[in-house]
Amino acid sequence: MRDNRYLLTLAISGALAFGVVACGDDEEPTASGGDSTEETSSEGGGELSGKIAIDGSSTVAPFAEAAAELFQEENPGVQITVGTSGTGGGFEKFCAGETDISDASRAIKDDEEVPLCEEGGIEYTEVQIANDGIAVATNKDLAVDCMTVDALKKVWNKGSKIKSLADADPELPDTELSLYGPGTDSGTFDFFTDAINGEEGVSREDYEASEDDNQLVTGVSGDEGGFGYFGFSYYEAAADKLNLVGVDSGDGNCVKPSIETIQDGSYTPLSRPLFMYPGKKAMERPEVKAFMDFVTTQAPMIAEAAKIVPLTDEQLTEAQGALAQ
Amino acid sequence: MGHRTSMVRRPSGRSRFEGAVKGILFGAAAVSVLTTIAIVFSLLNETLSFFGDVPIGDFLFGTKWTPQFAADQQSFGVLPLVWGTLYLTGIGLIVAIPVGILSGMYLSEFAPRRVRKVIKPILEVLAGVPTIVFGYFALTFFTPEVLKNGLGLDVNQFNALSAGIVLGILVVPTIATLVEDAMSSVPQSLREGSAGLGANRVQTAVRVVFPAALSGVVAALVLGASRAIGETVIILIAGGQQANLSLNPYESYQSMAAFIAATARGDIPTGSIKYETIFVVGMTLFVFTLILNMVSIRLVRKYRQVYE
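First to last, the sequence lines map onto chains E and S. Per my numbering, numbering through the first sequence is continuous, rising by one, with the last residue being 325. Per my numbering, numbering through the second sequence is continuous, rising by one, with the last residue being 308.
The set of hints was computed from the structure by calculation and includes no laboratory data. Be aware that a few hints might be false.
Residues on chain E that point at chain S, a partial pick, calculated with CB under 10 Å [what the hints assert, rightly or not]:
(1) Gly88
(2) Ser178
(3) Tyr207
(4) Val220
(5) Thr268
Pair by pair, the computed Cβ-Cβ distance ranges are [unchecked claim]:
(6) S:Val33 / E:Lys140: 54 to 62 Å
(7) S:Ala28 / E:Lys140: 35 to 43 Å
(8) S:Ile94 / E:Asp206: 35 to 43 Å
(9) E:Val114 / S:Leu44: 23 to 31 Å
(10) E:Met301 / S:Asn149: 51 to 59 Å
Keep in mind it's a predicted model, so treat the numbers as computed, not measured. Don't be surprised by glycine CBs; every beta carbon is placed ideally from N, CA and C.
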């Protein structure tokens, strides 16, 4: 008898649990579905709604995502998707009319992409939204003040067997290097390989790669021969633990990255402007216009949230001017 | 008796009730089986599609693993990852096996009750520490303070030695607890007999109780090894992320599980070959653990001694 009682309670609690789950399953979607339709219909009067499709550079994506998040806090009715097809892939979709805004880590190409958009009948505005800079840093014990682009290329190029900086430039220390760099999915990797090795995605393979820039900082600051590159903001956050390397683009003039040298572009070739290209037709939709207005007024704040270098006041005014035309 | 016969004649509420309970219990057991089947299926799908592009020989015997690079720089030799996994597990087990067995033996055979009362909960707390905590313990304390400053070793910030040792510490409670259970369950009469023959406590523990508990000890070791092979977070954080086919414990290595975690964290396009590598490596890891579990069942059967 006692056994049966146990079984009974077990069965009942089991049945209850199943029942609850089943009810939950049945009710939730219908309830929430009903709610959301009500919301959008009631909001249709004054609040913004609709969808904005953004795609393009993976370097701009963190900025676009931060902007989307902040914008959606105030406008929950607007859905924003941010893709990372790369600058070129983004323009392809944009010119085919598939996206509303294209993210780009360089200006649109006159010879390929401009005609593509003309064919597709897409008119657009170019708006600079932030600046991008890569810091090259070493361990504090590996005091390197300056490197040329050629020396950097010798270290990082495909197939490089260089073990110490002295192999690349006899004047540099011969400490054995341990190399750190971003994962191959990041925009920083694309930009660095393009600017230093001459082709996007081409790099030596035997380095410590991480998608987490903080981990790169930990490695470079922990290894005696630590040597790596990452987004400038990550250097800034750990400046006291790292030695910053200036870059000589070939003219004998060594420039260290700073907010100023990245903003004015004198830190070459590892700094560049970042853009958004909203389509003119898309801008006629109130939600797209509101989003771009939000971006151009809040750009420095969004850049900070996305850990990239903000626009100067001048650049900001210019961006607002471009959008107003 | 009469009660039972009457039940057979007409199916009463009770038999229907028992049928329902059986059904519920079967359902509960089926959940885990179905999950396993679903996991294998989801791995298989992408794995097959991967081997459509990469010859299986290149995958199994290639010595270079660079799937994350541009097409002409890609190689898909899984050996460095397999090696990284085994190497780190090996370092971990070198730490975990002696420490685990000895502490299990101590707890079961030698520890006074008062000492046991303190050590046992501490071991259990150690087993409950999240692995990410172990990971940062290895990266921010064990590597710089113990290995570099304390022992003066020239290790990299991310290295196999630190990750492996801490991995071993993670596995110690698993092994210790199971060894203790196995040894405690050896019948008291064996100890008494051994003492009666004039053996002292150490001889009894090492030559009588330990061999008698061997099947449990082997199971403990295999379980510990499985735990170490599948462990992701410690290696991801402290062991580094370089697919490395070398012998130097000061260097950085990547294990299969850490590769999956690191790659899944980036923005990889669905359907790309890089995306498929996650599943292929997952499948490899799955096969590894499966083999290990099968070996363990064999071993446990082989060493089983029954005392009744």
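Going through the hints against the structure:
1. Gly88: violated (14 Å)
2. Ser178: holds (5 Å)
3. Tyr207: Holds, because the Cβ-Cβ distance from Tyr207 (chain E) to chain S comes to roughly 7 Å (cut-off 10 Å).
4. Val220: holds (8 Å)
5. Thr268: This hint is violated: Thr268 (chain E) lies away from chain S, its Cβ roughly 24 Å from the closest one there, beyond 10 Å.
6. S:Val33 / E:Lys140: 54 to 62 Å: holds (56 Å)
7. S:Ala28 / E:Lys140: 35 to 43 Å: violated (58 Å)
8. S:Ile94 / E:Asp206: 35 to 43 Å: violated (27 Å)
9. E:Val114 / S:Leu44: 23 to 31 Å: Since the Cβ atoms of Val114 (chain E) and Leu44 (chain S) sit about 46 Å apart, the hinted range of 23 to 31 Å is violated.
10. E:Met301 / S:Asn149: 51 to 59 Å: violated (42 Å)
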